[in-house]
Every structure is written in C-alpha cells, then in structure tokens.
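Novice: Sequence:
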Amino acid sequence: MIKAILIFNNHGKPRLSKFYEHYNEDTEQQIIRETFHLVSKRDENVCNFLEGGMLIGGSENRLIYRHYATLYFVFCVDSSESELGILDLIQVFVETLDKCFENVCELDLIFHVDKVHNILAEMVMGGMVLETNMNEIIIQVDAQNKMEKSEKTVMAAIITETQSIKEAVTSINTIELNKFSRLLSRILQKLHLKEERTFSEEEEQKLQSALSLDKQDLSLVLDTTAFILEQAVYHNVKPASLKQQLEKIHLSPEKAEAFCQAWTAVCPDVVEKVRQRIFAPKKLEHVGWQLNLQMAKSTQAKLKDPHAVLELGVRNEDSESVVEKVFVEFSHQELLQFYNQLETVQAQLDSLT
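Quick note on UniProt numbering: the sequence shown kicks off at 1 and runs consecutively.
Just so you know, the hints here were simulated from the structure itself, not pulled from any lab data.
Heads up, some of the hints might be wrong.
Below, computed lysine-lysine pairings styled on PhoX-like, alpha-carbon distance capped at 20 angstroms [as the list claims (entries may be wrong)]:
#, residue 1, residue 2
1, Lys206, Lys179
2, Lys146, Lys115
3, Lys179, Lys190
4, Lys190, Lys206
5, Lys243, Lys255
6, Lys255, Lys179
I would like the entire structure built from these sequences, with the hints used as guidance.
Specialist: If you want it as structure tokens, here you go:
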C-alpha cells in the first residue's frame, strides 16, 4: 500500500502532498521535512529507495523517489509494494504531467494543483494503484476537463442578460443585503411549491414598502430570483459557478455571494424536493387497448380499415380513489406517429439516467 506521495523542490518546499493515512497537520509537515532531509542528502549514485523516517513508520516502510531537475517525487510505501514497480509508477506520473503540461515544471504544480491532483487520482486511490497506462490516464483526465468546460458552457447559457433581467438586477443591487438574504431564504423554501405563491398579496405590499420598490419592480425581482434559483436546481450548478455567472450579469459581488450562501445551505434539500415534485396534475394508472376493424362495404372497394383504441386510466393527485378513463382512437398512421414520439421521449429519458 502507498502511505503518502510527496513532491518538493530542492529547497524542501512542498509542491504536492497526498497522505493515505490520517495524520494531523503538524505531523504531516514534520513528515515532509523529515522525508526531505532523508532523501536530499543521498548521493546521486546510490539506489532510489531507503527506509522511511520514524514519523511515517521507520523500517516497516520504504521511501522510493526520483529526482527530476528541481523536483523530488517521493512515494512512501509498505513492504507489499515492489520498489521497481513504484519507480516505474513515478516515471509514468512524471511523463503524464509532461504530456498534460508540455514539459512540466515547478510552476505548473503551483498554478495547476487541482489538475495535478486529478491526474494522481486516476493513478492512485486510497493508497492502491489503479492505473499505470499513461494513455488511459490522459484519456480520463481529458474527459474530466471536457466535462468542466461543458459545465461552464451550460452555465453561460442558462442565465442570459435579457432586458428584464437587467432591470431586475438593477433593482436587486439597491436592496439592503440582510433584507435580500431573507428574501432569498423565503423563495428557496417555497421553490418546490409550484402552485403556491411565495408571498401573499398583503406580504407583497409590505415588501414594496420595505424594499422601496413599486409593484412591477417587486414582481420582476421575485420572478427573476426564482428563475435563477430554478435554473440552478435544474442544472445542479455548483456555488462557485453560480457566483461567476451572476457577476457576469452585473449582480453586485455581495448579492452574488448571498445567492451562493443561500444556495449552498439548502442545495441538496431543494434539489430533492423539486425532483419529487409532480409536474403534471394527473398520473397514469393503467393502459388498456382494443382493435376495431371496419370491413369493406358493398358500395366501396374491398378495404379493411383498422383502428386502435387506447384506454388510459388517469388519477388526480388530490384524489386517491377516482380514476378517470380517457379513450383515444388511432388510425394505423396516427398510431405509428404516436409510437415514434414515445420512442423519442424514451430516448431522452434514457439519456438522463
């Protein structure tokens, strides 16, 4: 098992540290200093593995390292790991970094620490080696990068700065922060209740006075705020992405931060409630069918004209027992068209699951 992966420069400055056993922060820093002291004093002509320091297990563990230019790559492992295998793994790690950053250097580890951790996570998870094929690692990292870019693209598309949103943002920016935070909290509480107003008429009149907005501006603020939150729920947007998008439509930084704080506090609960919400007032209980065949008449050509009749049993959500029967008749062509539409719906549902 791999106990820790450390990268530090020639001066002992850590550039990456990943521990697969729990240590408090002070102990981790001591392990890094101890490991640097053990590795940096070794001659270049000796082998690249040695006993671990006392803080990380002593002789029970081994330090396996490679030195590239200004950086040391050190893996601390137990006796179950092959020293030569880990040396190869370090080489794969470095070559992958070279591929991703075009000749990796110390600055890449400083300014792209998240990407470095993503690469490492494709190789090692929980101290166990997952992948040693550089091409497979790069494919997975590229896929993750595309997903992140796609998320940014989607986020840019869900809130467009229309004229009404511009007007709403102007009004929102004039509202006191503590009042706006309470407004957000109330809207989030009622977001999943589609048929229920967030505020009563009496409450809206009080809000007009409290927020110094006329009826039209208040309505625009409430509708726009609810729209932004509904889009965040639908796309399950991360708080940081939401804040970035809100600032792009010129919402003030403190109001954007208020959105993010409110969203972060209730995100899982609101998303779950909205997903459970019934979007249609009726649910399908059962389906029946029969085939009617109109035979040829003596005055017409000998033609059989088939018609299908579907019986749909639907029930209102507010009624537990009453089932309404709806009969729909299809010709052969109409039934084929209906079937093709259902296939399209099914394909879209499959893409979401």
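Novice: Kindly indicate which numbered hints from before are broken by the structure, ordering the numbers from low to high.
Specialist: Checked against the structure, no hint fails, so every one of them is satisfied.
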